[in-house]
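A.B. asks: Sequence:
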Amino acid sequence: MTRDLTGKTALVTGSSRGLGAAIAWKLGALGARVCVNYHGSPAKADSVCSAIREAGGEAFAHRADIRDEPAIHGMVSAIKSQWGPVDVLVVNATGPQPFLSIEQQTWQSYLDQLEFFVKSPLLLVKACLPEMKARRSGRIIQIGSEVFEMGNPRFANYVAAKGAQYGQTRSWARELAPWGITVNLVAPGWIPTERHDGTSAEDLAAYANSVPMKRQGIPRDVAEAVAYLASEGANFVTGQKIAVNGGNTLE
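Numbering (numbering that gives the first Met the number 0), first residue to last: 0 to 250.
Everything labelled a hint here was simulated from the structure, so no lab data went into it. Hints are not guaranteed to be accurate.
To be verified - List time: in silico BS3-like cross-link candidates among lysine-lysine, alpha-carbon distance up to 27 angstroms:
hint, residue 1, residue 2
1, Lys-240, Lys-125
2, Lys-118, Lys-79
3, Lys-43, Lys-132
4, Lys-79, Lys-125
5, Lys-240, Lys-118
6, Lys-79, Lys-43
7, Lys-132, Lys-79
8, Lys-213, Lys-240
Kindly generate the complete structure, drawing on both the sequences and the hints.
C.D. replies: Right, dumping it as structure tokens:
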């Protein structure tokens with residue numbers, strides 16, 4: 000199974016740190032030209048680009064709020080000017096994820112999550128789609144979460160948005176299949192990144208002990224799944240969810 004991405008152009012949103020950084024590095028290491036999207040961490044984005052170049056890849060960083068349509072169009076245009084149309088779109092960016100009881104939830108707390116996991120993917124796909132359709136080729140990969148299956152309490156705003164993102168993925172896969180464009184979702188478990196700094200050792204251990212493999216994953220685990228879906232080896236895979244969580248959920 001080939002995973003050579005030489006000549007492909009990839010956009011990974013929210014890739015200055017965490018899972019996004021690992022994904023961007025992996026795609027670059029496989030030969031893709033990678034746009035490292037960021038919003039508030041230019042130094043970290045530059046560091047990711049440097050790591051990609053050190054691995055033999057090409058990369059540049061671009062600041063854009065992926066909830067803002069003009070900003071997205073500006074970013075996609077910059078990529079096209081640099082390398083050509085986007086071949087691989089990885090929708091990874093996220094925002095704050097507060098735990099809130101039902102009594103604390105508001106409609107705005109739901110909208111805050113829907114902005115990242117439904118609105119942002121829509122705007123990104125619409126920006127990249129014309130050229131993907133024209134070339135009858137493309138990879139759209141959403142980063143979801145196991146929470147949709149787990150139903151985590153005090154997290155309904157996030158869980159609902161992740162469920163909507165999965166439904167969006169399935170519908171797009173059916174719609175875009177005739178153009179040779181695949182749409183899939185990678186659903187990680189709780190994989191500690193910079194976002195989770197400050198989490199207690201007890202909480203980390205409790206989650207790891209609940210996983211059948213008795214450990215937590217690492218960002219590379221997610222990056223490997225994304226790399227597969229971006230490759231020619233996944234040419235006939237669309238509308239699917241790959242859970243990267245050590246067997247914590249079963250389909």
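A.B. asks: If a hint holds in the structure, say so; if it doesn't, say that too.
C.D. replies: Consistency of the hints with the structure:
{"no.": "1", "hint": "Lys-240 x Lys-125", "verdict": "holds (21 angstroms)"}
{"no.": "2", "hint": "Lys-118 x Lys-79", "verdict": "holds (22 angstroms)"}
{"no.": "3", "hint": "Lys-43 x Lys-132", "verdict": "violated (33 angstroms)"}
{"no.": "4", "hint": "Lys-79 x Lys-125", "verdict": "holds (15 angstroms)"}
{"no.": "5", "hint": "Lys-240 x Lys-118", "verdict": "holds (20 angstroms)"}
{"no.": "6", "hint": "Lys-79 x Lys-43", "verdict": "holds (23 angstroms)"}
{"no.": "7", "hint": "Lys-132 x Lys-79", "verdict": "holds (15 angstroms)"}
{"no.": "8", "hint": "Lys-213 x Lys-240", "verdict": "holds (22 angstroms)"}
Against the hints set out earlier in the document, a violation occurs for number 3 only.
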